Every structure is written in structure tokens, then in C-alpha cells.
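Please construct the entire structure, taking both the sequences and the accompanying hints into account.
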Amino acid sequence: MADPLTVLQEQWESHGATFCGAEGADTEGRERETLLTGLAGIVTGVESLCFPGQEATDLVLDINTAGNDVSVSGDGKSASHTDTDQRRPQTPERFKKYPQVLSTRSFPSGRHYWDMEGSELGDWMVGVAYPSIERGGYDSCIGCNNKSWCLFREFNDKYSVRHDKEEIDLPHIPYSSRIRISLDYEAGRLSFYELSEPIRHLHTFTASFTEPLHAAFCVWVYDFFVRIIS
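Each residue of the sequence shown is one higher than the one before, counting from 8 in the working numbering.
Among the hints, erroneous ones may be present.
[Stated by the list, open to error] Calculated cross-link-like contacts (lysine to aspartate or glutamate; reagent style DMTMM-like; alpha-carbon spacing at most 20 Å):
id : residue 1 : residue 2
1  : K84       : E100
2  : K84       : D69
3  : K103      : D146
[Said to hold, decoys possible] Label pairs and their in silico Cβ distance ranges:
id : residue 1 : residue 2 : range
4  : S183      : S80       : 20 to 30 Å
5  : V228      : Y145      : 28 to 38 Å
6  : G195      : P96       : 35 to 45 Å
7  : D230      : N163      : 15 to 25 Å
8  : V228      : K103      : 28 to 38 Å
Worth flagging that the hints you see were computed from the coordinates, not collected in a lab. Note that this is a predicted model, so its numbers are computed, not measured. Even for Gly, the Cβ is constructed at its ideal location relative to N, Cα and C.
Here is the structure:
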């Protein structure tokens with residue numbers, strides 16, 4: 008019996024981008040996406056094909072940026088929306104209006120990716136933001152200004168993307184609550200992938216980045232969560 012990863016590599020040479028849901032690939036239906044079904048045990052090999060030259064980036068959440076309606080886990084990997092005021096000091100770094108938090112690490116250059124998962128029912132946003140993003144007022148919501156970009160997994164089982172108050176609805180039906188965020192700083196590309204089987208490309212922003220970028224997270228509903236898993 009042929010080695011599954013060898014089969015994948017051979018198929019990659021012929022069908023390459025289809026594995027990773029490249030632009031236009033996932034508009035032709037789930038039928039094209041059955042190629043990797045049952046091969047979850049070799050996902051590492053698949054990921055190396057889809058994301059050459061990139062390695063998983065270790066991230067933790069910066070509690071100093073977390074809104075007081077955001078509970079951050081002790082290991083700094085999870086954030087959930089809470090109705091209990093966390094009573095943290097009101098510092099300039101802290102989000103004041105929205106249930107948001109940034110990562111401690113920022114990316115001034117290079118190619119990076121990180122994986123996260125959120126509540127299956129949705130109502131969370133993930134993306135990136137400049138450190139200069141406003142921390143209070145309506146324009147401080149990620150995606151609602153020119154300093155942040157995000158993917159919104161909405162409660163009604165749909166995806167959209169947001170930047171500078173512009174929202175684009177995506178055609179994809181969510182199949183997984185796990186998302187990969189891939190950043191190529193110099194190329195000005197921020198991509199979102201659903202870690203379903205196989206991996207599906209959801210959207211790519213293109214921009215000329217002018218500041219370091221932090222990973223950004225928002226959880227809208229009480230007791231819902233986001234978690235960094237890479």
C-alpha cells in the first residue's frame with residue numbers, strides 16, 4: 008500500500024494549491040475537498056506543503072491589553088467573555104469598550120503563522136492590529152479602523168472579514184472552529200485558513216504594513232472563548 012504522504016506529495020505536484028484551498032479553489036464545492044479525508048494522521052506533512060518556509064509561532068495574550076470583560080487563562084493562551092468585572096487598572100494599553108485582547112509579541116517583519124480555536128457557535132473575531140490602535144471608543148473595535156484586520160466568525164454560522172469599517176461576507180460555510188492566521192509582513196499578505204480536512208483558504212488581505220503587528224482577538228458573547236493552540 009502506498010504511503011499516504013507520498014501520495015499527497017505526488018498529488019501536490021499536479022494539483023498543488025487545491026490542497027490548501029487557494030484563491031478560487033473552494034468555490035467548486037466540497038467534492039474537490041475530499042482528497043485528504045481520512046488522512047488526518049499526516050496533517051503535519053500536509054501543513055508543510057501548504058505553508059513552506061513558515062513555522063508555528065508561539066503566542067501568549069497580553070493581559071495588560073485585555074478589556075475588563077475578558078478573562079485570560081493563567082497560561083495566557085485562552086480568553087473568554089465574562090460578566091464579572093476583572094477590575095484591572097485602567098492603563099493606556101487596555102481596551103475599554105470592547106471585549107478584546109492583543110498578543111504580547113509583535114511582528115515587525117518576517118513570515119509567521121499561528122493557530123487558534125474558538126467557540127463552535129462563533130461570535131468571535133481574530134486578526135492583527137497595530138500597537139497604535141485606539142483603546143476606547145467605537146473605532147477601537149478590530150476591523151473597524153485602518154489599524155486592524157480581522158476574520159469574524161458570526162453567530163449565524165457564517166464568516167466575514169473586516170478592515171477600516173468595510174465588511175465583506177464570505178461564501179464559506181464553517182466546518183471547523185479552528186483557524187490558521189498566516190502573515191507575510193514584507194509581502195503585505197494576511198491570510199486566514201480554516202483547519203478543516205483539508206485546510207481551506209478563506210480570505211487574504213493585501214496591505215502595505217507600516218507598524219509591527221500584534222495578534223488580536225475579540226469574544227462577543229458571555230462564556231464564549233478563543234484559544235491559541237499553536
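Hints, one by one, checked against the model:
A hinted pair counts as satisfied when its Cα atoms are at most 20 Å apart, and K84 with E100 qualifies at roughly 19 Å. In summary, the hint linking K84 to D69 is supported, as the alpha carbons are separated by about 10 Å, within the 20 Å threshold. With a C-alpha separation of about 11 Å, the suggested pair K103 and D146 falls inside the 20 Å cut-off, and the hint holds. Judged by the Cβ atoms, the range 20 to 30 Å given for S183 and S80 holds: they are separated by roughly 22 Å.
As the Cβ distance of V228 to Y145 is approximately 19 Å, the hint placing it in 28 to 38 Å is violated. In this structure the supplied range 35 to 45 Å holds for G195 paired with P96, their Cβ-Cβ distance being about 36 Å. About 18 Å separates the C-beta atoms of D230 and N163, a value consistent with the hinted range of 15 to 25 Å. The supplied range of 28 to 38 Å is broken by V228 and K103, whose beta-carbon atoms lie about 19 Å from each other.
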